[in-house]
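J.: The lines below spell out each chain.
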Amino acid sequence: MKKLLTGNEAIARGAYEAGCTVAAAYPGTPSTEILENIAGYKEIYSEWSPNEKVAVEVASGAAIAGARALAAMKHVGMNVAADPLFTMAYEGVNGGLVLVTADDPGLHSSQNEQDNRHYAPHAKVAMVEPSDSQECKDFVKMAFVLSEQYDMPVILRVTTRVCHSKSLVELEAREEVGIKAYQKNVQKYAMTPAHAKVRHVIVEEKLCELQKAAEHSPLNRIEWGGRKVGIITSGISYQYAREVFGDEVSYLKLGLTYPLPEQKIRDFAAQVGEVWVIEENDPYLETAVKALGIKCKGKDVLPLCGELNSGIIREAFGSPKGKKVAAGLVAAPGQELSLPGRPPVMCAGCPHRGLFFALSKLKDVVVSSDIGCYTLGLTPPLAVTDTVICMGASISAGIGFEKAFQKGGVPKKVFSCIGDSTFFHSGITGLIDAVYNKSKICVVILDNRITAMTGHQDNPGTGRTLQGEETAAVDLVPLVRAVGIKGENIRVVDPYNLAETEEAVREAAAATEPFVIITRQPCALLKDVQRARAGMYCAIDQEKCRKCKACMKIGCPALSVKGGQVVIDANSCNGCGLCLQVCKFEAITKAGE
Amino acid sequence: METAMMQQDKANKDEIKKETASKALLLVGVGGQGTILASKILSEGLVQQGYDVKMSEIHGMSQRGGSVTTQIKFGPKVYSPLIGPQEADVIVAFEKLEAARYMTQLKKMGTLIVNDYEIYPLPVLLGQQAYPENLLAVLADYVEKQAGQLKVLQAHTLAAELGNARAQNMVLLGAVVKALGLEDFAWEEVIKSFLPPKLHDLNSKAFQCGLSF
Ligand SMILES: Cc1ncc(C[n+]2csc(CCOP(=O)(O)OP(=O)(O)O)c2C)c(N)n1
Numbered sequence: 001m002k003k004l005l006t007g008n009e010a011i012a013r014g015a016y017e018a019g020c021t022v023a024a025a026y027p028g029t030p031s032t033e034i035l036e037n038i039a040g041y042k043e044i045y046s047e048w049s050p051n052e053k054v055a056v057e058v059a060s061g062a063a064i065a066g067a068r069a070l071a072a073m074k075h076v077g078m079n080v081a082a083d084p085l086f087t088m089a090y091e092g093v094n095g096g097l098v099l100v101t102a103d104d105p106g107l108h109s110s111q112n113e114q115d116n117r118h119y120a121p122h123a124k125v126a127m128v129e130p131s132d133s134q135e136c137k138d139f140v141k142m143a144f145v146l147s148e149q150y151d152m153p154v155i156l157r158v159t160t161r162v163c164h165s166k167s168l169v170e171l172e173a174r175e176e177v178g179i180k181a182y183q184k185n186v187q188k189y190a191m192t193p194a195h196a197k198v199r200h201v202i203v204e205e206k207l208c209e210l211q212k213a214a215e216h217s218p219l220n221r222i223e224w225g226g227r228k229v230g231i232i233t234s235g236i237s238y239q240y241a242r243e244v245f246g247d248e249v250s251y252l253k254l255g256l257t258y259p260l261p262e263q264k265i266r267d268f269a270a271q272v273g274e275v276w277v278i279e280e281n282d283p284y285l286e287t288a289v290k291a292l293g294i295k296c297k298g299k300d301v302l303p304l305c306g307e308l309n310s311g312i313i314r315e316a317f318g319s320p321k322g323k324k325v326a327a328g329l330v331a332a333p334g335q336e337l338s339l340p341g342r343p344p345v346m347c348a349g350c351p352h353r354g355l356f357f358a359l360s361k362l363k364d365v366v367v368s369s370d371i372g373c374y375t376l377g378l379t380p381p382l383a384v385t386d387t388v389i390c391m392g393a394s395i396s397a398g399i400g401f402e403k404a405f406q407k408g409g410v411p412k413k414v415f416s417c418i419g420d421s422t423f424f425h426s427g428i429t430g431l432i433d434a435v436y437n438k439s440k441i442c443v444v445i446l447d448n449r450i451t452a453m454t455g456h457q458d459n460p461g462t463g464r465t466l467q468g469e470e471t472a473a474v475d476l477v478p479l480v481r482a483v484g485i486k487g488e489n490i491r492v493v494d495p496y497n498l499a500e501t502e503e504a505v506r507e508a509a510a511a512t513e514p515f516v517i518i519t520r521q522p523c524a525l526l527k528d529v530q531r532a533r534a535g536m537y538c539a540i541d542q543e544k545c546r547k548c549k550a551c552m553k554i555g556c557p558a559l560s561v562k563g564g565q566v567v568i569d570a571n572s573c574n575g576c577g578l579c580l581q582v583c584k585f586e587a588i589t590k591a592g593e
Numbered sequence: 001m002e003t004a005m006m007q008q009d010k011a012n013k014d015e016i017k018k019e020t021a022s023k024a025l026l027l028v029g030v031g032g033q034g035t036i037l038a039s040k041i042l043s044e045g046l047v048q049q050g051y052d053v054k055m056s057e058i059h060g061m062s063q064r065g066g067s068v069t070t071q072i073k074f075g076p077k078v079y080s081p082l083i084g085p086q087e088a089d090v091i092v093a094f095e096k097l098e099a100a101r102y103m104t105q106l107k108k109m110g111t112l113i114v115n116d117y118e119i120y121p122l123p124v125l126l127g128q129q130a131y132p133e134n135l136l137a138v139l140a141d142y143v144e145k146q147a148g149q150l151k152v153l154q155a156h157t158l159a160a161e162l163g164n165a166r167a168q169n170m171v172l173l174g175a176v177v178k179a180l181g182l183e184d185f186a187w188e189e190v191i192k193s194f195l196p197p198k199l200h201d202l203n204s205k206a207f208q209c210g211l212s213f
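Residue numbers (the numbering used here), protein chains in the order written: chain A, 1 to 593; chain B, 1 to 213.
For the record, the hints were derived by calculation from the structure and aren't laboratory data.
As the structure is a prediction and not an experimental result, all values here were calculated from the model.
Hints should not be assumed to be uniformly reliable.
Said to hold, decoys possible - Simulated pairs of lysine-lysine, DSSO-like, Cα-Cα distance not exceeding 27 Å: (1) Lys2/A to Lys42/A; (2) Lys77/B to Lys3/A; (3) Lys23/B to Lys2/A; (4) Lys527/A to Lys192/B; (5) Lys77/B to Lys228/A.
Next comes chain B alone, as it looks inside the complex (with noise of 0.2 Å):
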C-alpha cells in the first residue's frame, strides 16, 4: 500500500538521484576474503533503489591466492564499468597492503576505509620482500594530501568477537554504507536474501557494527 506521502517521499528521492552523477566504489582484497559477495549484495541494494548500476570484477586467480577488485559504479545512467585513476569516491580495502596498492584511485575528498589486517603474499612468505611496516602511517598521509577521509577498521577482530571471522565483509559493508550515505535503506533483508538463515543473525550484526564507524 503506497499512500501519498511516500509516493511524494519517493519522487523527491528520485529528484535527488536523477541530480547527483554516478558515484564509484572500488572494493579490494585477497581471493577468499569475501569481497565478492560484499559487492553482490550493495549492487542488488543499489539496484532496489532504482540506481542504473555497474559492477565489474576481476577473478581470474583469485583462489590461488591473487589481487581480487570489485568495481562498482552507480547513479542515473552509468556508462563505463571501469573506475579510472583517481576517479573512486569510496575505496574499500579488506586487506593493508592492497589499500596501499589501490589507494591511487580515490577521488580527491574521497573516503578510504581500511580493514586493519594483514595476508602475506608469497614473496613476503618466502622472505624475499618485508610486508611494508608503517602502511597506516603511509594511507594517512595520502588521504590527508588528497583532503580525503581515512577510516581504519579491525573488521577481523570485531567480526571475531561476534562470532565468526569470516563476518568481516559484512562490517566492511556497512561502513561502506555509512560513507556513501545510504544507511536509510532495508540493507539487511538483501543481505539475509544472499545467505543461509543460519547465518542471518551473525551478519546482521557484522552490518550494524560496521554502520557505527
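Next up, chain A with everything else stripped away, as it sits in the complex (with noise of 0.2 Å):
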C-alpha cells in the first residue's frame, strides 16, 4: 500500500520497520515528529529526553544492549550530543544505531545553518541521505543494516525540506528482529585511553572496508541521460537538479556520503564532458571530488548561504547546452510593492508576556535569553532582550556578562530568561555554576509548563511522557534550593499577575546573591487552557479610553488601532488581563466568563 508520508512520517515507519526497538529524542523544528510518529508504534519503547546528549546515550546504551535504536535531533542538538557519538564511533554497536540529524538549510527555524555532513567524517562514521519519503524509510532500513555489519553508528542525514514534504511511501510489514545477545566486553564498551588506542585502528580498518563496499552499494546510484555534463549530488538537492535538468544530463546521486565511493565517482567523472557539483550550503561533496583531481563546477557559481531550489540551480548553470534556461528568472514586477511583514509574534494572552514589560520597566539590566517562544521578547515593543546563543546559554552567559560587568565597574543588573524545557536541557549546570561561583544574576525560569516552541511536547516538569502517560513531575522550587538558591531568594509569580511580577523583578534587581523568579501560567495555546478560557476576554470601554496607548506597549495582537481607536479582538483575546493592568483610565475591563 502506499500512502503519501512526511519524511518524519517516513523515518518513524522505517524504524517501525526494521524492528528498532528503542528510540529517544529531544524535539526540534525540523526533526520533532520523527519521535511523534515513533511515539505510535507500540513496539518501539520511546522517549523525550532531557536533551540531545541524553538521547543519543539512550540509544547508544540500547544498541550496546542488542536492540535496534534510533535516536533523532535538529542540527544544533548534534553539537549537544557530539560528545558519546565521537566515542559510540570506537565503541560500535551490537544492535544497530542509527543517529538522526535533521538539518535546516534557509533557517526556517534554527539559530544557525550549521551542515552536519562534516560530523561522519569528523566522527568516523558512516552518513546516509535520503532525498524524499520513500527514501527515508528505505535509507533508515538499510543504516540499520550497515550500523550492525560495520559495528559502527550510521548517522542519518536530512534536511527541512525532506522533513516535511509529502511524497508517496510503500508501506511494508514489521521485521522482527528481537534483542542480540549481549556480551560483556569492556575492551570495546568502556573506552579507556588503552583500549580506546586499539579500536581507534579497527575504527579506520572498518571505514576502509565499507569504503570499498560504498562502490557497488545500492545506495549510490549513475542515472545515465546526456553525457555533455555529469551532475554529483545528494539530498533534496538531486530533485532540484533533476527538475531543472531532465534526462539532459547524467546524474551520480549519492545516498551514501560517508564513505565517499572514490572510484565510482572517478569513473562517473570520465564518461562525462564536465561535472557539476549540486549540494546546499558547504562544499562538503565538492571538496572530496576535487581531492580526488578532478575539475568541477560548483561552489563558484552556487551559493553557501541558504536553501537551493530550481530556479537558482537554473540561474547558476544555465542550461547544458550553453544557452541559459529560460523561465522564472526574469525579475518579476510587483517586487517593488514594500509589503509589511508578518513576524512571529508574542500569542495574544502568552504568559510570557508580563515578566517581559515588567523588565522593560527597569533600567541599567541586561537580559542574557535563550531559546523558546519567550526568545520574542527580543522584539518590539518590548525588545528586553540583549543576546541569544544557543539552548542553556541564558544562564551561563548571563554570570559571563555579571563577572565581566563586575570587572569592569558596570553597574548593570544581568537577568537570565530561560523556558522551563530549556532549563532543564541545559539551564540547570549553569544555575549550579551561578551558586558556585557566587553570581549576582537573576534567573527567570518562565515556567509554561510546556515545550511550546516546538509544537507542545511534553517534557521532564510536566508529569507526561511522550505517549501522554502520567509520572513524576520535577519540581522546580525544591530543586533549585537544592542547588543551593536561597529560599528568600525564590518567587514564584503568576506572570497574569503584573504588580506581583514587577515586584519580583524589583527585588531581584536589588538583590546581591544569586536569585530565581519561577513565573508560573500554562502556554495559552494549550488546548485544556483555550478550554478553560474560551469565553474570556477584554473589552475597551471607548467612552473611558484617552488613546494614550500605553496598552499598546505590551505588544499584544488582540490589540489594534482601528480608525483611530484602540479596539480589542474578542476572538483572539483569553482575557489574561495585562492590558488592563497598564491602563490608567480604568477603559479596559474583563468581559465574558
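Quick one: dock chain against chain with the hints and give me the complex.
T.: Below you can see the structure in the form of C-alpha cells.
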C-alpha cells in the first residue's frame, strides 16, 4: 500500500519496519515529528529525553545491549550530542544504532545554518542521505543493516525540505529482529585510553572496508542521460537538479555520503564532458571530488548560504546546451511593493509577556535570553533582550556578563531568561555555576508547563511522557533550592499578575546573591487552557479611553488601532488582563466568564 | 465492479495524465486559517486519482501569526517538492497581503485565487506600517501583465453565511479544484474522511459554493 508521508513520518515508519525497539529524542524543528510518530508504534520504547546528549546516550546503551536503536535531533542538537557520538564511533554497536540529524538550510526555524555532513568524517561514522520520503524509510532500514555490518553508528542526514515534504511511500511489514544477546566486552564497550588506542585502529579499518563496499552500494546510483554534463549530488538537491535538467544530463546520485565511493566518482567523471556538483550550504561533496583531482563546477556558481531551489540552480548553471534555461528568472514585476512583514509574534494571552513587560520598566539591566517562544522578548515593543546564543546559554552567558561588568565597574543587573524545557535541557548546570561561583544574576524560569516553541511536547516538568502517560514531574522550587539558591531569593509569580511580577523583578534587581524567579502560567495555546478561557476576553470602554496607547506597549496582537480607536479582538483575546493592568484610566474591563 | 467502459475511461485518463507535465499549486495564508487541512485534502484526492504527488509545507512558527505556505505538485512524476519563481499554475491566497507577497510565483497565464480578507500583521497592529489599501488593484494589475486570471472570493463571508466562517478553507478548496479542472472526482468523500460527521454538511456546502467560481 502506498501512502503520502512526510520524510519524518517515513523515518518513523522505517524504524518500525526495521525492528527498532528503542528510540529517543529531544524536540527540535525540523526533526520533532520523528519521535512523535514513533510514539505511535507500541513495539518501540520511545521517550522525550531532556536533551540530545541524553537521547543519544539512551540509544547508545540500548544498541550495546542488543536493540536496534535510534535517536533523532535537529542539527544543533548534534552539537549537544557530539560527545557520545565521537566515542560511540570507537565502541561500535551490538544492535544497530541510527542517529538522525535534521539540518535546516535556509534557517526556517534555527539559530544557525550548520552543515552536519561534516560530522560523519569528523566522528568517523557512516552517513546516508535520503532525498524523498520513500528513501527516508528505505535508508533508515539500510542504515540499521550497515550499522550492524560495519559495527558503527550511522548518521541519517536529512534537511527541512525532506523532513517536511510529503511524497508517496510503499508500506511494508515490520521485521522482528528482537534483541541480540549482550556479552560483556570491556575492550570494546569501556573506552579507556588503552582500549581506545586499539579501537581507533579498528575504526579506520572498518571505514576502509565500508569505503570499498560503497563502490557497489545500491545507495549510490548513476542515472545516465546526456553525457555533456554529469551532476554529482545528494539529498533534496538531487530532486531540484532532476527537475531543472531532466534527461539532458547524467546524475551520480549519492545516498551513502560517507565514506564516498571514490572509484565510482572517478569513473563517472571520466564518462561525462564536465562535472557539476550540486549541494546546499558547504562544498562537502565538491571538496571531496576536487581532492580526487577532478575539475568541477560547484560553489563558484552556487550560494553557500540558504537553501537551493530550481530557480537558483537554473540561474547558476544555465542549460547544458549552453543557453540559459528560460523560466522564472526575469525579475518579476511588483517586487517594488514594500509589504508589511508577518514576523512571528508572542500570542495574545501568552504568559511570557508579563515578565518581559515588567523587565522593560527596569533601567540598567542586561537580558541574557534563550531559545523558545520567549525569544520573542527580543521584538518590539518589548525589546528587552540583549543576547541569545544556544539552549542553556542564558544562564551561563549571563554569569559571564555579570563577571565582566563587575571587573569593568559597569553597574548593570543581569537577568537570565530561560523556558522550563530549556532549563531541563541545559540550564541546571548554569544555575549550579551561578551558586557555586557566587554570581549576582537573576535567573527567570518561564514555566509555561510545556515545550511550546516546537509545538507542545511534554518535558520532565509536565508530569507526562511522550505517550501522554502520567509520570513524576520535576518540581522546580525544591530543585532550585537543592542547587543552593536560598529560599529568601526565590519568587514564584503569576505573570498574568503584573504587580506581583514587577515586585519580584524589582527585588531581584536589588539582590546581591543569585536570585531565581519562576513565572508560572501555562501556555495560552494548550488545549485545556483554551477550553478553560474560551469565553474570556477584555473590552475597551471607548468613553473612558484617552487614547494614550499605554496598552499598545505590551505588544499584544489582540490589540490594534482601528479608525483612531484602540480595539480588542475578542476572538483572539483570552482575557489574561495584562492590558487592563497597564491602563491608568480603567478603560479596559474583563468580559465573558 | 469495473465495466469495460469504465476501464476504457480509466485508460484514457491514464493516457492524459502521462501526457501532461506536472502542475504546481501554492497555498498561502496565515496560521490558523485552515490552509494545511485544505492542502491535505487536495493531496489525498490527487493521490487517489493516480498522480504522483509531493507536498511541502513550512509551518515553523505559524501558530504565532506567521505566514503559512503549502506547495503541492502533481503529475506523472514529480521531482522537486518546491515551486520556484513564476512556476505556480495556481495560487490560492487565504489572505490579501499574502496574495501580494507571493504573486510573483505565478506562472504566465496562471490563476490567482484570492480570499478578500485581511489579517493585520504586528507592524500594522502597532501602527508602524499601514496595511496596503489598494491590494486588489495591485493584484489585478499584476495578473493582467501575466495574462493570467484573477478570481476574488469573499470566502470568509460566504462560509459565515453557510454557518461558520472557519469553513472558508473549503470554499477556497472548491475554487482551486475548479481552476485545476479537477471537478470530475468524488472530492466530498475525501473531505468527509478528514472531518468529524457533524461538520460534513457545512463543509460539503462550502466546497460546492467554491466550485461555482
Ligand atoms: C540544542 C537544541 N535543541 C533543540 C532546539 C529546538 N528548540 C528551540 S526552543 C525549544 C524549546 C523551548 O521550550 P521552552 O524552553 O519550554 O520554552 P517555550 O517555547 O515553551 O516558551 C526547542 C526544543 C534548539 N534550538 N537547540
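J.: Could you run down the list of hints and mark each one as holding or not?
T.: Tested hints:
1. At most 27 Å may separate the alpha-carbon atoms for a hinted pair to count; lysine 2/A and lysine 42/A meet this at roughly 22 Å.
2. With a CA separation close to 16 Å, the supplied pair lysine 77/B and lysine 3/A stays within the 27 Å bound.
3. For the given pair, lysine 23/B sits about 21 Å from lysine 2/A by alpha-carbon distance, which is consistent with the 27 Å threshold.
4. Restraint check for lysine 527/A and lysine 192/B: the C-alpha separation of about 24 Å stays at or below 27 Å, so the hint holds.
5. Proposed proximity of lysine 77/B and lysine 228/A is supported: the alpha carbons are some 24 Å apart, at most 27 Å.
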